[in-house]
Amino acid sequence: MKTNNDKKEIQEDRKEIIDSLKKIANKLRIDVIDMIYNAGSGHPGGSLSAADIITVLYFHFLNIDPKNPQWADRDRFIMSKGHACPIWYAALAEKGYFDKSHLGTLRKINSILQGHPDMKKTPGIDMTTGSLGNGLGVGVGMALAAKLKGKLYYSYILIGCAEHNEGVLWEAALAAAKFKLDNIIAIIDYNKLQLDGYNDEVMPIEPLAAKWTAFGWNVLQINGHEIDQIINAVETAKNTKGLPTVIIADTIKGKGVSYMEDKCSWHGKAPSKEEYEQAMKELTSC
Amino acid sequence: MQTAFTREAYGEEIVKLGEENPDIVVLEADISSSTKTCYFAKAFPERFFNVGVAEQNEAIVAAGLASTGLIPFLSTYAVFATMRACEQVRTFICYPNLNVKIAVSHGGITPCTDGVTHQATEDLAIMRVMPNMTVIAPTDYNMTKAVVRAAAAHYGPVYIRLTRDALPIIYEENISFEIGKAIKLYDGNDLTIISTGDMTYTAIKAVKLLKKEGIAAALVDMPTIKPIDEEMVIKEAKYSGAIVTVEDHQIIGGLGSAVSEVLSENYPIPLKRIGIRDTFAESGEFELLLDKYGLSAAHIVEAAKKVIRMKK
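Chains as they are written, first to last, in the working numbering: chain A, 284 to 569; chain B, 3 to 314.
Fair warning: there could be bad hints in the mix.
[As the list claims (entries may be wrong)] Okay, derived cross-link-like pairs now, BS3-like style, lysine-lysine, Cα gap no bigger than 30 Å in a straight line:
1. B/K307 - B/K207
2. B/K18 - A/K432
3. B/K228 - A/K430
4. A/K461 - B/K44
5. B/K18 - A/K434
6. B/K228 - A/K404
7. B/K307 - A/K463
8. A/K461 - B/K307
9. A/K463 - B/K44
None of these hints come from the bench; they were simulated from the model.
Keep in mind it's a predicted model, so treat the numbers as computed, not measured.
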């Protein structure tokens, strides 16, 4: 039996965890803007929308060892929307996979940080990505391998909303359900925008939850910027047996930088000097 | 002439490999009774993954499996693995150099009566251009067994092109096969014929026809298209001074191109290419298609005479 005092302590611990994760997320957003500004190109919008999800996974859930990136029993993470890799690189550097000085080399020649993720160049990257729609199928392979070898790791896949335009994503969704891969946790960074405009204009994907449900998945819907909601959803997903879980996380493209928020024009360009300074001012005042 | 199916050889050998190595897994796209992965499915159901008619997903699932240290063999038909799933093979298998073996049936025009949708006459070119990829077209049933074994022992992506129709048995059981090494079947100093896969039998027929006309043709069987056996190509160029390549594939991008590249850069001599000449074939019996599209023994003989005349 938990006493009221115990409950209060748990709540306080939880608040502490959430506050600390919020701080990390903000730090990673600053790194993202720094990196893309230095590189002169890159994808800020989708990096910022995924910042809170990436933070919760890397600093609360993933069972990984930055000193041993190839550890066979590690949790896997696949960024299916590979263009958002600046936020991933920022998280990996913060975890200690490589020195932070590498962040300034993004997209430059001889860098370990490619324009899109490369598993052979960057420690901590479990799969090369960048071509949309393919991360889930790769995750199916990793999850099948876990089941076959009796390993307990989870495969987390971050999927962008526009990836639902790709047929191969649905091929993988069918397969994950067929093989009952409850060790797969897919998270949709649902910022409603793609390169050419809103999903609804370019290629409508609603009703999204109904589609995933119809494909045989356990579907959770959350606000992808609320740390506690992300934590709860991943915990629920980990406790769901017999079918894969997808967490549809409502997000805002460009979240955290006022002039980038909900603007498809910030899908894939670097800020100017003035814009950079403005972004830094906003993020450092958080 | 005794014939046997190369896809049958694959189906049998992959079961043996599965017995020896628990890391061998097989992916299938709903045609296991045709690709013969059905034997593996029966022997090792827990290591057999049928992803349905979804070749793109098949390729990326294979990539995911390989990333954990398993050795996936992916099977479907050649057209679908190399064209439907082309970018997945390129970006998720070749680019990260993952240990995936693509063992496909219905290479070339061997799915003859099925027509163009099922004939793969571009696959060798497409697979050859991809960095990290090894490309092999086994000659017969016995060689296929050795090729499958060699592919499993080699780290990295390998494309193994099998055929729908049974092929004449040319090699002994338990032949030794080394990736990247050609096999000289006949000696002759008037010209050298270099053939691959299911065309080697037709090339043998051409060598015999040429002999009757007093022309001594050497024959080199080149199952590995990539890496091509440069040493053998240059040696033959120096020895006979004229080459005819023979393949069940477009003349663009396959064996003929690979041999031309080696010759142009090292020892330029006259060369003629036998293959499909930048067109699509059609439904029909295999031998009749060879006649109509310029791949018969008579066509090889004709090309041989022309290339000899081009010698200085």
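For a C-alpha distance cap of 30 Å, please report whether B/K228 and A/K404 respect it.
This hinted pair holds, its Cα atoms lying about 25 Å apart.
Mind checking the alpha carbons of B/K307 and B/K207 for me, to see if they're no more than 30 Å apart?
holds (15 Å)
For the pair supplied as a hint, B/K228 and A/K430, confirm whether the alpha-carbon distance does not exceed 30 Å.
violated (35 Å)
Run the distance test for A/K461 versus B/K44: straight-line Cα separation, threshold 30 Å.
holds (19 Å)
For the pair we were handed, A/K463 and B/K44, check the Cα-Cα distance against 30 Å.
Cα-Cα ~21 Å, so holds.
Check whether the Cα positions of B/K18 and A/K432 lie no farther apart than 30 Å.
holds (20 Å)
Does B/K307 sit within 30 Å of A/K461, going by the straight-line distance between their CA atoms?
Violated. A/K461 to B/K307 sits at ~59 Å, over the 30 Å cutoff.
Does A/K434 sit within 30 Å of B/K18, going by the straight-line distance between their CA atoms?
holds (26 Å)
Does A/K463 lie within 30 Å of B/K307 when you go C-alpha to C-alpha?
violated (62 Å)
When held up to the earlier numbered hints, the structure conflicts with 3, 7 and 8 and fits the remainder.
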